[in-house]
Amino acid sequence: MASEDTVKLLGFWASPFSRRVEWALKLKGVDYEYVEEDIFNKSSLLLELNPVHKKVPVLVHHQKVISESYVILEYIDETWKQSPLLLPQDPHERAKARFWARFGEEKLLLASSGAMWSLGEEKERLLKLAIEAMEKIEEEIKGKEFFGGESIGYLDVALGWISYWLPVWEEVGSIQILDPLTFPATTSWAKNFLNHPIIKDNLPPRQKMIPYFHERSKFFSSLPPGWIKI
Amino acid sequence: MADEVVLLDFWPSMFGMRVRIALAEKGIKYQYKEEDLRHKSELLLKMNPVHKQIPLLIHNGKPVCESLIIVQYIDEVWNHKSPLLPSDPYQRAHARFWADFVDRKVYGVGRKLWATKGEEQEAAKKEFLEIYKTLESELGEKPYFGGETFGFVDLSFVTFYSWFYVYENFGKFSMEAEFPQIVAWVKRCMQKESIANTLPDQKKIYEFVLKLKKIFGLE
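Chains as they are written, first to last, in the working numbering: chain W, 9 to 238; chain G, 26 to 244.
Source of the hints: derived by calculation from the structure; they are not laboratory data. Among the hints, a few may not be true.
Simulated coverage check for chain W against chain G, where a stretch passes if three residues somewhere in it have a Cβ under 8 Å from a Cβ of chain G [unchecked claim]:
1) 63-75
2) 78-92
3) 200-210
Quick caveat: nothing in here was measured; it's all calculated off a predicted structure. No residue lacks a Cβ here, since even glycine has one placed at the ideal position from N, Cα and C.
All chains should be built: construct the whole structure from the sequences, respecting the hints.
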């Protein structure tokens, strides 16, 4: 019985994608076994569980395997129906939450991390795209404490990386995207998000993140240009 | 109060086709508005200011964007018949994973296949064959990606069938020879009225691409 209920999560300490799954599990009060994966030396377990993408996070529940963090978030919400409900109940609000989660990933995250490690003209181009994307996020959060309304929800968890990973990327890349004067609503949301009891106890150490992303930046900027798809 | 459903779309779009099939499966009456993507309508720009893209569903005045998000919305609102997603959370997760795979991999590589030349096109062809091989392997011996019945993954992928002739022509290969399971699956899907009545003729799509290549100087 206990083994059937076992929830296992393969993750990587610095990954915002596996972290958001942890936030969801902890918000729901679901016990899980965390397995740290060395993504630079992928285990045979990871390759077996996620042969298509070979990436973390991977959730294993009742021996069933689920990958892709947004897919996992919805699985968590549908399987553990206790509060907090991550996704809104209203279909139109759900569609909006899914839309903005996708937007955050495809437009803001890619551009921000790209702006961190790229150089010269490419850096300028990605920085501009990131700021344009942030403008749209700012419009969405205006007048709300959380994207979910009065309490944390799916979209807060999906965009939570903005509150903690983005400032690290800004420092490593010597860029500014989340300017508090230009984006006061998002800045305020980020503070609220980080102060949430579940979130604040579940963040990777900043002093480890800075050198890690410096290393990653060096690696990415050494690659031939043009592979970033944005 | 009668539902007012409007779909802003572009006839060759495999993303738009997904929504058309979903609406047909559910028997929903809607108003179809063809968009000229070089002269986008006020309505499109107002209702989808972020991406300014089709397909766009407007239900009782409220916009829903992104084809797979629209399909899930349709499934949730009109939940009385023809479920598009399974009810079991794991089956749903499995369906979402593969639909996401189709979304992220299939369109891009197809486009590169007809829009590029030389080495770039060769690389695109190699990638194309790998991606379709993965899909063929996922389909396996099942009648549909969804198992016994047509589902979300089938819906997300079947619309590319209307573009197969384009891919075969520019990639210089035969879909049937390379991917017999996928072709058998497509033929099975085409027996459904909602699909057969929605997908444009492959030759029409091919002519459209020829025109597009001329316009963008990609010949």
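These are the hints, each one checked on the structure:
no., hint, in the structure
1, 63-75, "holds (count 5)"
2, 78-92, "holds (count 7)"
3, 200-210, "violated (count 0)"
This entry does not satisfy hint 3, going by the numbered hints stated previously; all others are met.
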